[in-house]
Amino acid sequence: ALMNGIVMGGGFGIAGPCKIRIATDKTIFAMPEVGIGLFPDVGSTYFLSRCPGETGTYIAVTGLSVGPADMLYAGLATQYEGNAPSILKQKRATIDECFAFDTVEEILAALLGHRDPWAKEIAGVIETRSPTSLKISLLHLRRAKTMSFDDVTAADLAIVGHVLRGHDFYE
Numbered sequence: 159a160l161m162n163g164i165v166m167g168g169g170f171g172i173a174g175p176c177k178i179r180i181a182t183d184k185t186i187f188a189m190p191e192v193g194i195g196l197f198p199d200v201g202s203t204y205f206l207s208r209c210p211g212e213t214g215t216y217i218a219v220t221g222l223s224v225g226p227a228d229m230l231y232a233g234l235a236t237q238y239e240g241n242a243p244s245i246l247k248q249k250r251a252t253i254d255e256c257f258a259f260d261t262v263e264e265i266l267a268a269l270l271g272h273r274d275p276w277a278k279e280i281a282g283v284i285e286t287r288s289p290t291s292l293k294i295s296l297l298h299l300r301r302a303k304t305m306s307f308d309d310v311t312a313a314d315l316a317i318v319g320h321v322l323r324g325h326d327f328y329e
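Taking our numbering, I'd label the letters of the sequence shown as residues 159 to 329.
Rather than coming from a laboratory, the hints here were simulated on the basis of the structure. No experiment lies behind these values; they were computed from the predicted model shown. Cβ atoms here follow ideal geometry from the backbone N, Cα and C, with glycine treated the same way. Any given hint could be a false lead.
In silico SDA-like pairs for lysine to any residue, Cα to Cα no more than 20 Å straight-line [said to hold, decoys possible]:
| hint | residue 1 | residue 2 |
| --- | --- | --- |
| 1 | K303 | P175 |
| 2 | K293 | D274 |
| 3 | K177 | A258 |
| 4 | K184 | A159 |
| 5 | K303 | V200 |
| 6 | K278 | E255 |
| 7 | K184 | P210 |
| 8 | K184 | N241 |
| 9 | K293 | G195 |
| 10 | K278 | R300 |
| 11 | K249 | P210 |
| 12 | K303 | R208 |
| 13 | K184 | I164 |
| 14 | K293 | G163 |
| 15 | K184 | I245 |
| 16 | K278 | A267 |
| 17 | K293 | P175 |
| 18 | K184 | T236 |
| 19 | K249 | A277 |
| 20 | K247 | T261 |
| 21 | K184 | G168 |
| 22 | K184 | G163 |
| 23 | K184 | G195 |
| 24 | K247 | E263 |
| 25 | K278 | I245 |
| 26 | K293 | Y328 |
| 27 | K177 | S207 |
| 28 | K303 | T261 |
| 29 | K293 | A281 |
| 30 | K303 | D254 |
| 31 | K303 | A258 |
| 32 | K184 | G233 |
Per label pair, the in silico range of CB-to-CB distance [unchecked claim]:
| hint | residue 1 | residue 2 | range |
| --- | --- | --- | --- |
| 33 | P210 | T261 | 33 to 43 Å |
| 34 | D326 | R301 | 32 to 42 Å |
| 35 | A312 | T236 | 19 to 29 Å |
Go ahead and model the full structure; you've got the sequences and the hints to work with.
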């Protein structure tokens, strides 16, 4: 898959299973679903749960975009020839320390209590996201670590059915 430009949500759901995933200097990646009342679906949680440390959790829970160097660092891209530095690599220690928890409340507390001012900024971002989506995303991400790709996509379908019966997505 040539991921040139915006690669978000279902776009990565299509590119993720490809053996070769090429990012370019124009690639912008995000899983913005927590901001619109959904969760990373279409198999994306399978790949995010296998990113190094807690970088996949960071991507899923914040909904923030990352660039091609971050995609390569996180294993979401298999190739990138540019020179851009990886923010995920630079902030990895803080990310691993703060996003290792199994509840959104614990993650927020860790971010707010961290000495790095960047962590407090990230907590502010998370506080703007759908509370229901945050909890679903985190739980699904944790469970996906031990699931096959097919099982993750089947769970995605079941979860989205429940989400669509709620109110967050429509709001």
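Going through the hints against the structure:
For a cut-off of 20 Å, the pair hint linking K303 to P175 stands: about 16 Å separates their Cα positions. For the proposed pair K293 and D274, the alpha carbon gap of about 24 Å is over 20 Å, so the pair is violated. Distance hint between K177 and A258 is unfulfilled; the C-alpha atoms sit about 28 Å from each other, more than 20 Å. For a cut-off of 20 Å, the pair hint linking K184 to A159 stands: about 14 Å separates their Cα positions.
Between K303 and V200, the direct Cα distance comes to roughly 15 Å. Compliance with the 20 Å bound is thereby established for this hinted pair. Between K278 and E255, the direct Cα distance comes to roughly 13 Å. Compliance with the 20 Å bound is thereby established for this hinted pair. With a CA separation close to 23 Å, the supplied pair K184 and P210 exceeds the 20 Å bound. Pair hint K184 plus N241 holds up; C-alpha atoms about 12 Å apart against a cutoff of 20 Å.
Of the supplied pair hints, the one linking K293 and G195 holds, its CA atoms being roughly 11 Å apart against a limit of 20 Å. Pair hint K278 plus R300 does not hold up; C-alpha atoms about 23 Å apart against a cutoff of 20 Å. Restraint check for K249 and P210: satisfied, since their Cα atoms lie roughly 12 Å apart, inside the 20 Å limit. Simply put, K303 and R208 have alpha-carbon atoms about 7 Å apart, close enough for the 20 Å limit, and the pair holds.
About 8 Å separates the Cα atoms of K184 and I164, which keeps this hinted pair within 20 Å; it holds. Restraint check for K293 and G163: not satisfied, since their Cα atoms lie roughly 29 Å apart, outside the 20 Å limit. With a CA separation close to 16 Å, the supplied pair K184 and I245 stays within the 20 Å bound. Of the pairs offered as hints, the one joining K278 and A267 holds, with about 10 Å between alpha carbons and a cut-off of 20 Å not exceeded.
Between the alpha carbons of K293 and P175 the distance comes to roughly 25 Å, so the proposed pair goes past 20 Å and is violated. At most 20 Å may separate the alpha-carbon atoms for a hinted pair to count; K184 and T236 meet this at roughly 16 Å. For the suggested pair K249 and A277, the alpha carbons sit about 9 Å apart, so the restraint of at most 20 Å is met. At most 20 Å may separate the alpha-carbon atoms for a hinted pair to count; K247 and T261 exceed this at roughly 23 Å.
Proximity of K184 to G168 is assessed by CA-CA distance (about 18 Å); at most 20 Å being required, the pair is judged to hold. About 5 Å separates the Cα atoms of K184 and G163, which keeps this hinted pair within 20 Å; it holds. The hinted pair formed by K184 and G195 fails the criterion: a straight-line CA distance of about 27 Å is larger than 20 Å. Among the hinted pairs, K247 with E263 is inconsistent with the structure: their alpha-carbon atoms are about 24 Å apart, more than 20 Å.
Restraint check: the Cα-Cα separation between K278 and I245 comes to about 16 Å, which is no more than 20 Å; the hinted pair holds. Distance restraint check for K293 and Y328: the Cα-Cα separation of roughly 17 Å lies within the 20 Å cut-off, and the hinted pair is therefore satisfied. Proximity of K177 to S207 is assessed by CA-CA distance (about 17 Å); at most 20 Å being required, the pair is judged to hold. Note on K303 and T261: the hinted pairing holds, with a Cα-Cα distance of about 16 Å set against a maximum of 20 Å.
Between the alpha carbons of K293 and A281 the distance comes to roughly 15 Å, so the proposed pair stays at or under 20 Å and holds. Distance hint between K303 and D254 is fulfilled; the C-alpha atoms sit about 16 Å from each other, no more than 20 Å. With a C-alpha separation of about 13 Å, the suggested pairing of K303 with A258 holds against the 20 Å cut-off. About 18 Å separates the Cα atoms of K184 and G233, which keeps this hinted pair within 20 Å; it holds.
A hinted range of 33 to 43 Å for the beta carbons of P210 and T261 is inconsistent with their spacing of about 22 Å. Between D326 and R301, the C-beta spacing of about 20 Å breaks the proposed range 32 to 42 Å. Taken as a hint, the range 19 to 29 Å holds for the pair A312 and T236, whose Cβ atoms sit roughly 25 Å apart.
The structure fails to meet hints 2, 3, 7, 10, 14, 17, 20, 23, 24, 33 and 34 from the earlier list, while all remaining hints are met.
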